[in-house]
Amino acid sequence: MYVENVKSQMRKGMLEYCIMLLLNKKPYYSSDIIDELERANLIVVEGTLYPLLSRLKKEGVLDYEWQESPSGPPRKYYRLTDEGVALLAALDENWASLAGTVDRIKALGGAM
Amino acid sequence: MKKSFNVNLGGRIFQIDEDAYEQLNDYLVSVRTCFMNNECGEEIAADIEARIGELFVARVGDGGIVTLALVNEMIARVGKPESMVDEDEMGGDTDKERTKKSMGEEFAERAGEFAEKTEEYIKNMSMGKKLFRDGDNKMIAGVVSGLALYFNINVTLLRVIAVFLIFVTTFWAFLLYLVLWAIVPLAITTTDKLRMQGVEPTPENIAERLTYEEPAIDKIVRNLKEVDNKGITTLLIILGCVLFLSMFIFGVNMDCYGFMGMIPVLFVVGWIGIITAFAIPVTAIVLVVSKRWNELSSSVIWLMLMDWVLSLVLVSRFSMNFTLLNLLNSIF
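Chains as they are written, first to last, in the numbering used here: chain A, 1 to 112; chain B, 1 to 332.
A few of these clues could be false.
[Stated by the list, open to error] Residues from chain B shown here face chain A by an in silico Cβ test under 10 Å; the list is partial:
| # | residue |
| --- | --- |
| 1 | Gly10 |
| 2 | Cys40 |
| 3 | Glu43 |
| 4 | Ile44 |
| 5 | Gly53 |
| 6 | Gly64 |
| 7 | Ile65 |
| 8 | Ala76 |
| 9 | Pro81 |
| 10 | Met84 |
| 11 | Pro281 |
[What the hints assert, rightly or not] In silico contact screen, one side only, chain B against chain A (beta carbon under 8 Å); selected entries:
| # | residue |
| --- | --- |
| 12 | Arg12 |
| 13 | Asp47 |
| 14 | Ile48 |
| 15 | Arg51 |
| 16 | Glu54 |
| 17 | Val57 |
| 18 | Gly61 |
| 19 | Arg77 |
| 20 | Val78 |
| 21 | Ser83 |
| 22 | Ala148 |
These aren't lab readings, by the way, just hints derived from the structure by calculation. Owing to the predicted nature of the structure, the values given are computational and were not obtained by experimental measurement. Glycine is no exception: its CB is placed at the ideal position from the N, C-alpha and C atoms.
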């Protein structure tokens, strides 16, 4: 139970960053974001994504535009705003530093 | 036969069974209620609705028939509104603790309100309260549990009384149970469950129930039958063991007749065998006729068959020995 809790905390921390990484490549339809996140085991409850996207949009990190879909109703395609790209660059740095810290601590443990 | 409707879900048309419609409607209302305070709440709810529509298309195609099982599966997949909000809270640790605490408080508050509401409804009872079988808390079919809710009696107490009645009336009380099983519907949707407890199924109450009550959705997604037939499975296994062991008593009974002490045991065991030999086919017929047969898992059906065969073997020995005993009596 506790393990699940810790894992879920880690996932939560990564989620926003990973979504931004995805959207940095190309505009995404929300269901495709879910597919990618599920493949990476980053999301368990699908519905989590929608409030998250809504908040990121409110923060000005991302935006969407409606596009016709080959089948069914039109879809929202999400993409990063300029502000979002800048934020992502900052997060990239933060991630590199976090990963560096983790590696360093792991190496410490190995030496002892 | 089920009623079905056409619904438009995020711009797609489906045919949906009546029970599935109620469950889906309950769920979407709870999502809307949950995000009510969010300024983009309506949009989030619409997105989620569209996602469910999309998942339905992936499974049954455009214009396909949506069943209750499918609705429950998709609700589990997309998630309860509560878990969406919870996972969405991403502040630091202190922030999280605060959220948790306030959610706990909120829960306590709501539980209090809920208790008050229930009490109010018990005061003017008949209002809206409806007799259902309670599938969430059942030993066999949820009849006693449903009755306990309806008459506001402690379930355990009523169960003890029921078992006592079955023993006292030999198996007539069981027949009554069977009739209730056949007549009283199972509470399936959240609306049913609220009505069962005498709570008015308003959107707020439904949302509250869907948000704070864990088992309903999760349980249906796992195989409902396998999980829920625990009580009846245990009962049948115990009965099978009693019948099996009894056969040994009857197997060596020729020597046993000498002991007066054994005769009451033979009497009880013999009655259990006879009642089982009758009760199992009667149960099967009633359940098939009343279309409740599908509430039993295959393991329960096999156990019923096994117990029945055991009881037949036992009864045949019983009657054989009985005639032998008569024979001996008549000789000496």
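Hints, verified against the model:
1. For B/Gly10, the shortest C-beta to C-beta distance to chain A is roughly 6 Å, which falls under 10 Å, so the interface hint holds.
2. A distance limit of 10 Å between C-beta atoms decides the matter here; for B/Cys40 the minimum to chain A is near 4 Å, and the interface restraint holds.
3. Because the beta carbon of B/Glu43 sits about 6 Å from the nearest beta carbon in chain A, less than 10 Å, this interface hint is met.
4. Taking 10 Å as the C-beta contact cut-off toward chain A, the hint placing B/Ile44 at the interface holds, the least distance being around 5 Å.
5. About 8 Å separates the beta-carbon of B/Gly53 from the nearest beta-carbon of chain A, less than 10 Å, and the hint is met.
6. Hint status for B/Gly64 relative to chain A: violated, with the closest Cβ pair at about 13 Å, above 10 Å.
7. Checking B/Ile65 against chain A: minimum C-beta separation of about 18 Å lies over 10 Å; hint violated.
8. The criterion of a C-beta within 10 Å of any C-beta in chain A is met by B/Ala76, whose closest approach is roughly 9 Å, and the hint holds.
9. For B/Pro81, the interface hint holds, the least distance from its beta-carbon to any beta-carbon of chain A being 7 Å, beneath 10 Å.
10. This hint holds: B/Met84 has a C-beta 4 Å from the nearest C-beta of chain A, less than the 10 Å allowed.
11. The beta carbon of B/Pro281 is not positioned within 10 Å of any beta carbon in chain A (closest approach about 46 Å), and the interface hint is therefore violated.
12. The interface hint given for B/Arg12 holds, since its Cβ lies 6 Å from the closest Cβ of chain A, which is under the 8 Å cut-off.
13. Checking B/Asp47 against chain A by beta carbon gives a least distance of about 5 Å; that is within 8 Å, so the hint holds.
14. A distance limit of 8 Å between C-beta atoms decides the matter here; for B/Ile48 the minimum to chain A is near 6 Å, and the interface restraint holds.
15. With a cut of 8 Å, the hint placing B/Arg51 at the interface with chain A holds, because the nearest CB-to-CB distance is about 7 Å.
16. For B/Glu54, the interface hint holds, the least distance from its beta-carbon to any beta-carbon of chain A being 6 Å, beneath 8 Å.
17. This hint holds: B/Val57 has a C-beta 7 Å from the nearest C-beta of chain A, less than the 8 Å allowed.
18. Proximity of B/Gly61 to chain A is violated relative to the hint, the smallest CB-CB distance being about 11 Å (cut-off 8 Å).
19. Here the hint on B/Arg77 is kept, as its CB sits about 6 Å from the closest CB of chain A, short of 8 Å.
20. Proximity of B/Val78 to chain A holds as hinted, the smallest CB-CB distance being about 4 Å (cut-off 8 Å).
21. At its closest, the beta carbon of B/Ser83 sits 5 Å from a beta carbon of chain A; the interface hint therefore holds under the 8 Å criterion.
22. Because the smallest distance between the Cβ of B/Ala148 and any Cβ of chain A comes to about 32 Å, over 8 Å, the interface hint for this residue is violated.
The structure does not agree with the numbered hints 6, 7, 11, 18 and 22 stated previously, though it agrees with the rest.
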